[in-house]
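There are 2 protein chains.
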Amino acid sequence: MSEYSAPLKDMQFVLQNLVDMKEISSLPGFEDASEDLAGAIFEEAGKFAAGVLSPLNVIGDRQGATWKDGEVSTAPGWKSGYEQFCAGGWHALSCSPEFGGQGLPRVLSSLVEEMWNGANVAFSVGIMLTRGAIEALELCGSDAQKSTYLPKLVSGEWTGTMNLTEPQAGSDLSAVRAKATPQPDGSFKVEGQKIFITYGEHDLTPNIIHLVLARTPGAPDGVKGISLFVVPKFLVNEDGSLGARNDVRCVSIEHKLGIHGSPTAVLAFGDSGGATGWMVGEENRGLEYMFIMMNAARYSVGLEGVGLCERSYQRARDYARDRVQGVEMGGDRHKVSIIRHPDVRRMLLQMRSRTEALRAVATVVAAAMDKAHAHPDEATRRQSQEFVNLMIPVVKGWSTESAVDVTSLGVQIHGGMGYVEETGAAQHLRDARITPIYEGTTGIQAGDLVGRKIARDGGAAIRRVLNEVATVVAKLRAPDDELLSAVATRLESASIALDRSVQFVVNTYERNAKSVAAGSVPMLEMVGMVAGGWQLGRACLAAHKLLKNGSGDVDFLRSKLLTTRFYVDHVLTKVPALAEAVLSDTSAIADFQDDQF
Amino acid sequence: MSEYSAPLKDMQFVLQNLVDMKEISSLPGFEDASEDLAGAIFEEAGKFAAGVLSPLNVIGDRQGATWKDGEVSTAPGWKSGYEQFCAGGWHALSCSPEFGGQGLPRVLSSLVEEMWNGANVAFSVGIMLTRGAIEALELCGSDAQKSTYLPKLVSGEWTGTMNLTEPQAGSDLSAVRAKATPQPDGSFKVEGQKIFITYGEHDLTPNIIHLVLARTPGAPDGVKGISLFVVPKFLVNEDGSLGARNDVRCVSIEHKLGIHGSPTAVLAFGDSGGATGWMVGEENRGLEYMFIMMNAARYSVGLEGVGLCERSYQRARDYARDRVQGVEMGGDRHKVSIIRHPDVRRMLLQMRSRTEALRAVATVVAAAMDKAHAHPDEATRRQSQEFVNLMIPVVKGWSTESAVDVTSLGVQIHGGMGYVEETGAAQHLRDARITPIYEGTTGIQAGDLVGRKIARDGGAAIRRVLNEVATVVAKLRAPDDELLSAVATRLESASIALDRSVQFVVNTYERNAKSVAAGSVPMLEMVGMVAGGWQLGRACLAAHKLLKNGSGDVDFLRSKLLTTRFYVDHVLTKVPALAEAVLSDTSAIADFQDDQF
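First to last, the protein sequences are chains A and B.
The numbering of the first sequence is our numbering, which starts it at 1 and goes up by one.
The numbering of the second sequence is our numbering, which starts it at 1 and goes up by one.
Among the hints, erroneous ones may be present.
Capping the alpha-carbon separation at 25 Å, the derived lysine-lysine pairs in DSS-like fashion look like this [as the list claims (entries may be wrong)]:
| no. | chain 1 | residue 1 | chain 2 | residue 2 |
| --- | --- | --- | --- | --- |
| 1 | A | K545 | A | K9 |
| 2 | B | K79 | B | K179 |
| 3 | B | K68 | B | K9 |
| 4 | A | K224 | B | K22 |
| 5 | A | K179 | A | K224 |
| 6 | B | K548 | B | K22 |
| 7 | B | K224 | B | K189 |
| 8 | A | K514 | B | K335 |
| 9 | A | K335 | B | K179 |
| 10 | A | K47 | A | K146 |
| 11 | A | K548 | A | K9 |
| 12 | B | K548 | B | K9 |
| 13 | A | K9 | A | K47 |
| 14 | A | K545 | A | K22 |
| 15 | B | K335 | A | K179 |
| 16 | A | K335 | B | K224 |
| 17 | B | K514 | A | K335 |
| 18 | A | K224 | A | K189 |
Since the hints were made in silico from the structure, they are not lab data.
Computed from a predicted structure; not experimentally measured.
So here's chain A without its partners, still in its complex pose:
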């Protein structure tokens, strides 16, 4: 069974050509983030991903996490893998130095995170949620909460969870019913059932810190009456040692299509009188706080999509190289590897070009996060944040929908062998299928995109992107190169189609939100595809320039030109089609009678 191999060369290409690393490392707090440091970290992270996390992936899938009498055991070897992960300091990579983190810029940690996802997404999703809990406590926790929980969460000695969903409250958090009753000592008794809690119970660490949405007595109905509570599995004594077991119990774990290594828990809070918790931040602002974590988590789930695409691509490519079947078209009677067959090459290039586009977009967004966080200029911070806000639903929705398609192609390239579980290709599809669902379905992301991110500012943020695309189109036209010009033409057509759709959204949302909503997912796909074309267009320009200067690896750089060429012909061409759907009369969707479905 082949192991994951971090695509270091591709990652470096993105960092060197699509991101201004000089600018990032000039930001306060990121002074150490040089290209050399990035290289060293990537090298070590790649080794860890390939050597430790990837070999745990199969056993995680086959044996999965198991539940017995309220206790959950992770798959054999996972505890040791987790300990090595923490011992290597990987857990703290992008956390704040104040609590023991390394404070690496997001642009670097995002690529490392892609590696964890590529090697073992069922493992890395637990890390990701702990980071979410860390961010929430950093941002909204009291000093006491910070000092109690943060150092041990940052080191990985404990893990964290996000407890939002209840049986009747999935996408609609206004329906949350869990109760939190204040106690004389300032704590709360938390009661209620939470479902779909990732790593809600496990044996990796001695304690688990649950962040829980619940309602205080008399809180307003709906989302305005939800508060956030920290509820540790074991209470923590003043000296930091573990005290009594809290009244939270894992009732069961789910039997899922994929990510079997990741325990998805049903948690009962307060079956024996109430779990002891403490309010985080202010009363009734829980949803707001959760959304801060949620945005980070959504971006991270996008990276899961990227990692899964890369992993599935690598496996399919290796199989296509090894598997001898048939003869070359127009060649002699010699049997060849299937990588020589045009349709297999088409599928590999679909996988590869989309993966590169997803990675490039996610990395550029991560760079904007760093600028939004640390740039000295307020206007730059604000514009960077607006770009991040615009792109988070796109990175989430488009990367994960792509991951389903790409991993499905990975199965297809294997033929019958892809359907046999031992091959490993099918696991990637099974694992990928959750990503367009959790942390907000694609429909939720698309609603966020068209409503809050496009209509609300009258299309200002997305038009700035379209202007940048126009600049790239002009640059692609300048050298009078056949391939670059072809890329320019496709990119321009796509951005015109997107522009028309943006206009439609902006003009229509106020008076007919339903009609916009009916096309919101196609809209999200368009934005993703155009953003991918924008970044691959920039990659193409960079490769062209390096080739002209005679610097760099010629074959590698030429492959970048060809990946872009393929992408604009086979992916970007879909943008005008999606615009037709967005702009079409949506009365069929509105008028179809419910009872005729």
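With chain A held as given, fit chain B onto it using these hints.
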């Protein structure tokens, strides 16, 4: 857990409006095939599918088939279900009356077959392969072979298999190595290993009749040296009773992503000296015979796609009706079922409109099979057969690729619940994922389409389809109805794009087959989408006419108009995009260096 419900009303609509049932029942041998008979059969088949096959589907998935010491047990209840299936005469539905079949026209049996697939595809795939064996023996078997095997295969007392694949010979059957050595008594000793043999071993029947591809001594290399053999699991005595156990052994069964109820066997022939077999038809014509079965099987796998789409749609629709979450856009604060949310409606209409399009196309192709088989006029027979030949790779490739998309949407509509296996939505995706692979991958279908079905006759057969589309476009324009006109415009754009692509294929195939092959799958998708638009366009015309005449169920007929409207806006709009990919410079696919993948 909800059970499958046969979409009788939709099926009747197709039969009454898209197929000339009067013509079919005027064909020799099909005189009894009235609309009334169809109605009665559909009703009973629907009951059997819902009442017997559907309840066996979940246990088939959970417990699957199990292997022990060379014996395979099907899941609990499956043997009884199979016996009821045979006792009901369902096995013999479309078989020739000469051997005990009912000789129903394909246009009716195909819709019944869709029901079996919708209810339990892991069950029905075994039936389908037995029918393949029946067809091969009917067509090429000796009288003795026919009388020995056919009555018991037709009744279902025994089942049949197709043994093509070997570890080194999947899509490329020229690499088949199994040996068949002639014996003095006219029989052959068959030796070799076959893999991926659907229902290659099981406990449903006392005997299994294997049809096996193997090479005789001194046979030419490649596909011209393959012969077909019949190798029963138990030899058959002259009186029809079972004799000695033959030298064929089930070494193992595969652990697959889906269709767990269907045992996929590795079979070893001749480990103890040679399995006794008899040649079917003439020496070295085995591949030709297999392709006759294969074409029937490919069409049938297309029907698996249709059945899976329908099943997945039903489950998603029922969930969307039941699941209350959020409030209606622009409505009051009342919580509503998610079927009210525009994006959920969009997904349901994607599922529904594609399912209806697939069913309509498959049924029209089945009607052409009947005419090709039984029409008294030779020219009609020939043209019908040419249409069938053109469409088989499309029905196979497009229905199955659609099934993967549609069942994936089925999971998505369920949100987090879709990822939990108990819900059942994920099983449909897992089951569907084999369909674009077995009986020839989509790449193989697409190669067949562009090479043998389009380029070889200079595009004649597909241009006849395009002419029919033009007629429908003209009819849609005539009534000056807004919806019909919109459908006409979309259908015309799509058919123009397809026409350009056909021209490209015809002009290019001879001199640059690779360049055509690089776009062959997009080409197949285009043909499928346009064929779907053609049939839904006809459905739209029929519904419009019935509504105008004031006959029929108004709400139902209006839903047909809206389904078509949705399809042309959200599916057919992709055709011009696919044409761009087909017509694009494919040098990126050809020139990408193998070592840069």
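The hints, checked one at a time:
The suggested pairing of A:K545 with A:K9 holds, with an alpha-carbon distance near 18 Å, which does not exceed 25 Å. A C-alpha spacing of about 33 Å is found between B:K79 and B:K179, which places the hinted pair above 25 Å, so the restraint is violated. Restraint check for B:K68 and B:K9: not satisfied, since their Cα atoms lie roughly 44 Å apart, outside the 25 Å limit. Among the hinted pairs, A:K224 with B:K22 is inconsistent with the structure: their alpha-carbon atoms are about 65 Å apart, more than 25 Å.
Taking the CA atoms of A:K179 and A:K224, the gap is near 14 Å; set against the 25 Å cutoff, the hint holds. Our distance criterion of 25 Å between C-alpha atoms is met by B:K548 and B:K22, whose separation comes to about 23 Å. Between the alpha carbons of B:K224 and B:K189 the distance comes to roughly 20 Å, so the proposed pair stays at or under 25 Å and holds. Pair hint A:K514 plus B:K335 holds up; C-alpha atoms about 16 Å apart against a cutoff of 25 Å.
A hinted pair counts as satisfied when its Cα atoms are at most 25 Å apart, and A:K335 with B:K179 qualifies at roughly 21 Å. For the suggested pair A:K47 and A:K146, the alpha carbons sit about 33 Å apart, so the restraint of at most 25 Å is broken. Annotation: proposed proximity of A:K548 to A:K9 holds, straight-line Cα distance about 20 Å (limit 25 Å). For the hint pairing B:K548 with B:K9, the CA-to-CA distance comes to about 20 Å; that is within 25 Å, so the pair holds.
In summary, the hint linking A:K9 to A:K47 is supported, as the alpha carbons are separated by about 14 Å, within the 25 Å threshold. For the suggested pair A:K545 and A:K22, the alpha carbons sit about 19 Å apart, so the restraint of at most 25 Å is met. Between B:K335 and A:K179, the direct Cα distance comes to roughly 21 Å. Compliance with the 25 Å bound is thereby established for this hinted pair. Among the hinted pairs, A:K335 with B:K224 is consistent with the structure: their alpha-carbon atoms are about 16 Å apart, no more than 25 Å.
Distance check on the hinted pair: B:K514 and A:K335 sit about 16 Å apart at the alpha-carbon level, within 25 Å; holds. Restraint check for A:K224 and A:K189: the C-alpha separation of about 20 Å stays at or below 25 Å, so the hint holds.
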